[in-house]
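Student: I would like the entire structure built from these sequences, with the hints used as guidance.
Here the protein sequences come in this chain order: A and B. For the first sequence, the numbering used here begins at 1 and goes up steadily by one. For the second sequence, the numbering used here begins at 1 and goes up steadily by one.
Honestly, the hints are just simulated from the structure, not real lab data. Any given hint might turn out to be false.
Pair by pair, the computed Cβ-Cβ distance ranges are [stated by the list, open to error]: (1) B:E163 x A:S121: 19 to 25 angstroms; (2) B:R201 x A:M191: 52 to 58 angstroms; (3) B:K228 x A:S177: 41 to 47 angstroms; (4) A:I147 x B:M132: 33 to 39 angstroms; (5) A:K8 x B:G149: 52 to 58 angstroms; (6) B:E152 x A:D176: 24 to 30 angstroms; (7) A:D176 x B:P4: 45 to 51 angstroms; (8) A:K8 x B:V177: 48 to 54 angstroms; (9) A:T139 x B:I13: 17 to 23 angstroms; (10) A:T178 x B:V177: 55 to 61 angstroms.
We treat Cβ as the ideally placed atom computed from N, Cα and C, and that holds for glycine.
Next come the chains, spelled out residue by residue.
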Amino acid sequence: MNFKEAAKLGSCLSKDYAEDLFRLLATYESISASEAASRVNIHIKTTQDFLEDLYGLGILDREEVYEGKRPYFRYWLKTDHIAMSIDLNSFSHDEEVNDSRLKLKIREKRNAGAKFTTSRSNDFISSVTIWMGKGRNRTERKINLSIPQGRFLFHLPFPNADYLSIKEIMKKAQSDSTNIPEIIDIVNVLMEFGVIETT
Amino acid sequence: MYYPRKLKRDFRITGFIPAIICTSIGAFIWIFIGQKEGVYSVSVFFILYAAFSLWIFFRTRNQSYLAASVWQLFFGLWLATRLGYPLIPGIKSELLALLYFLLIASTIWLFYLVFTRKAKWKGREVFELASMSIELQSDGFTERPHPAGKTEYSGSELKGFAEFLRKNLIAMPYFEVNRIVFVPVKMEDEFGYMFNPEKFRQTRSWIAFDFIGNVTVNISKKDYIGYKEELSFDQLCENLGKLFIEFMNYYRKGEAERIVFKLNELGLGLTY
Numbered sequence: 001m002n003f004k005e006a007a008k009l010g011s012c013l014s015k016d017y018a019e020d021l022f023r024l025l026a027t028y029e030s031i032s033a034s035e036a037a038s039r040v041n042i043h044i045k046t047t048q049d050f051l052e053d054l055y056g057l058g059i060l061d062r063e064e065v066y067e068g069k070r071p072y073f074r075y076w077l078k079t080d081h082i083a084m085s086i087d088l089n090s091f092s093h094d095e096e097v098n099d100s101r102l103k104l105k106i107r108e109k110r111n112a113g114a115k116f117t118t119s120r121s122n123d124f125i126s127s128v129t130i131w132m133g134k135g136r137n138r139t140e141r142k143i144n145l146s147i148p149q150g151r152f153l154f155h156l157p158f159p160n161a162d163y164l165s166i167k168e169i170m171k172k173a174q175s176d177s178t179n180i181p182e183i184i185d186i187v188n189v190l191m192e193f194g195v196i197e198t199t
Numbered sequence: 001m002y003y004p005r006k007l008k009r010d011f012r013i014t015g016f017i018p019a020i021i022c023t024s025i026g027a028f029i030w031i032f033i034g035q036k037e038g039v040y041s042v043s044v045f046f047i048l049y050a051a052f053s054l055w056i057f058f059r060t061r062n063q064s065y066l067a068a069s070v071w072q073l074f075f076g077l078w079l080a081t082r083l084g085y086p087l088i089p090g091i092k093s094e095l096l097a098l099l100y101f102l103l104i105a106s107t108i109w110l111f112y113l114v115f116t117r118k119a120k121w122k123g124r125e126v127f128e129l130a131s132m133s134i135e136l137q138s139d140g141f142t143e144r145p146h147p148a149g150k151t152e153y154s155g156s157e158l159k160g161f162a163e164f165l166r167k168n169l170i171a172m173p174y175f176e177v178n179r180i181v182f183v184p185v186k187m188e189d190e191f192g193y194m195f196n197p198e199k200f201r202q203t204r205s206w207i208a209f210d211f212i213g214n215v216t217v218n219i220s221k222k223d224y225i226g227y228k229e230e231l232s233f234d235q236l237c238e239n240l241g242k243l244f245i246e247f248m249n250y251y252r253k254g255e256a257e258r259i260v261f262k263l264n265e266l267g268l269g270l271t272y
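Tutor: Structural data, given as structure tokens:
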């Protein structure tokens, strides 16, 4: 199961009425959205969405039926058990962290409008504050950094300095190779916010 | 040798403000109350100012403030014995002659210190030296500190270096648990440092030496816009760091006087 599906399933299961609807689905051979809604006393649209989500996730099956009026769906359980399994390794940047990624040359962007706050010991950056938008719509986004990220940004070249590769900056910051994924992550985020630029 | 000036001229007269206030108050009292009261008020002001100068001397350990304090005290006392209305009645003529002699001696001492630049806050010289041979490059400013490198020194050498820079008014040290931060103070900026050192530090550039040899530089916006043109910011940080590392090396080799010579060689004015 991928993360989006798991999130959708989690959202369905967390609903107040989920248990009641599952009880109905387990009891009835098949049930329509209007029947389930009337039994649980919730809106038919809410029930319809819930059943459709479960159908989309492959937990329910459905059949379109005609009983002299406009067609509708009847749903039934396709499975007796629901198992949720997410591979967290897929979130790691390990795949991306190859030589080309570490060779990426970066520096702070000119007039990035970001504020770098140093730690109490002043040897690493503790947070980066970025302002987005203008006037009343101006919003502030503060990113707190881990110590390896902070040390890395402490050595980030200035806006008009020569670009340095991530690997070179890591060497200056004496970063461990185990910190590569989190450093790549913060570089990506700051590039997205226009605080870091590349060659 | 001619050194092109990179900093904007500073036309502030902060250093003269106490003297201007004193003279103005004295003149008003002279006009509206009387001559004797006017002279006495200036006399009292100078005696109080002597205490203030002594306080600065204890803060900086710079002998020109001790000289200023002594001169202000003697001048205040001398004024109090003028005009045939001595503030201290029954004062002996021998004592007056001694006071006069001490006033002349302290004046010579003070002038010597002023003209040999020992009384000069040398922050401006520091920034001029740091900006030499730097290219022009715009939009380079960032508020991040710059790791300027690593050098070798012991804890006691660092403390001694801090004491030397303070005594010679080159940069004021702030002692922290793991490092010493040096803030160069420009002439006319000294009262800002004296009255609120913490606030002063937040808005000024600094150079930090930690106890394991790392040197970090931070140039403030206020100091950066003090230059006539937009200089390459990273080069400026790099140079400021290198300059202080060089100063430290001079100090460690027992050639600390070369630091003062190098700064004085720029030939900046005595009052800015």
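Student: Now tell me if each hint is right for this structure.
Tutor: Right, here's what the structure says about each hint:
1. Between B:E163 and A:S121, the C-beta spacing of about 24 angstroms keeps the proposed range 19 to 25 angstroms intact.
2. The beta-carbon spacing between B:R201 and A:M191, approximately 33 angstroms, falls outside the hinted interval of 52 to 58 angstroms.
3. For the pair B:K228 and A:S177, the beta carbons lie near 46 angstroms from each other, so the given range of 41 to 47 angstroms is met.
4. At about 36 angstroms, the beta-carbon gap between A:I147 and B:M132 stays in the expected band of 33 to 39 angstroms.
5. Between A:K8 and B:G149 the CB atoms are about 54 angstroms apart, so this pair conforms to the stated range of 52 to 58 angstroms.
6. Checked against the given bound of 24 to 30 angstroms, the beta carbons of B:E152 and A:D176, roughly 25 angstroms apart, stay inside it.
7. Distance hint check for A:D176 and B:P4: the Cβ-Cβ separation is about 46 angstroms, which falls inside the suggested range of 45 to 51 angstroms.
8. Checked against the hint of 48 to 54 angstroms, the C-beta distance between A:K8 and B:V177 comes to roughly 52 angstroms, which is consistent with it.
9. At roughly 44 angstroms, the beta-carbon separation of A:T139 and B:I13 lies outside the given 17 to 23 angstroms, and the hint is violated.
10. Between A:T178 and B:V177 the CB atoms are about 29 angstroms apart, so this pair departs from the stated range of 55 to 61 angstroms.
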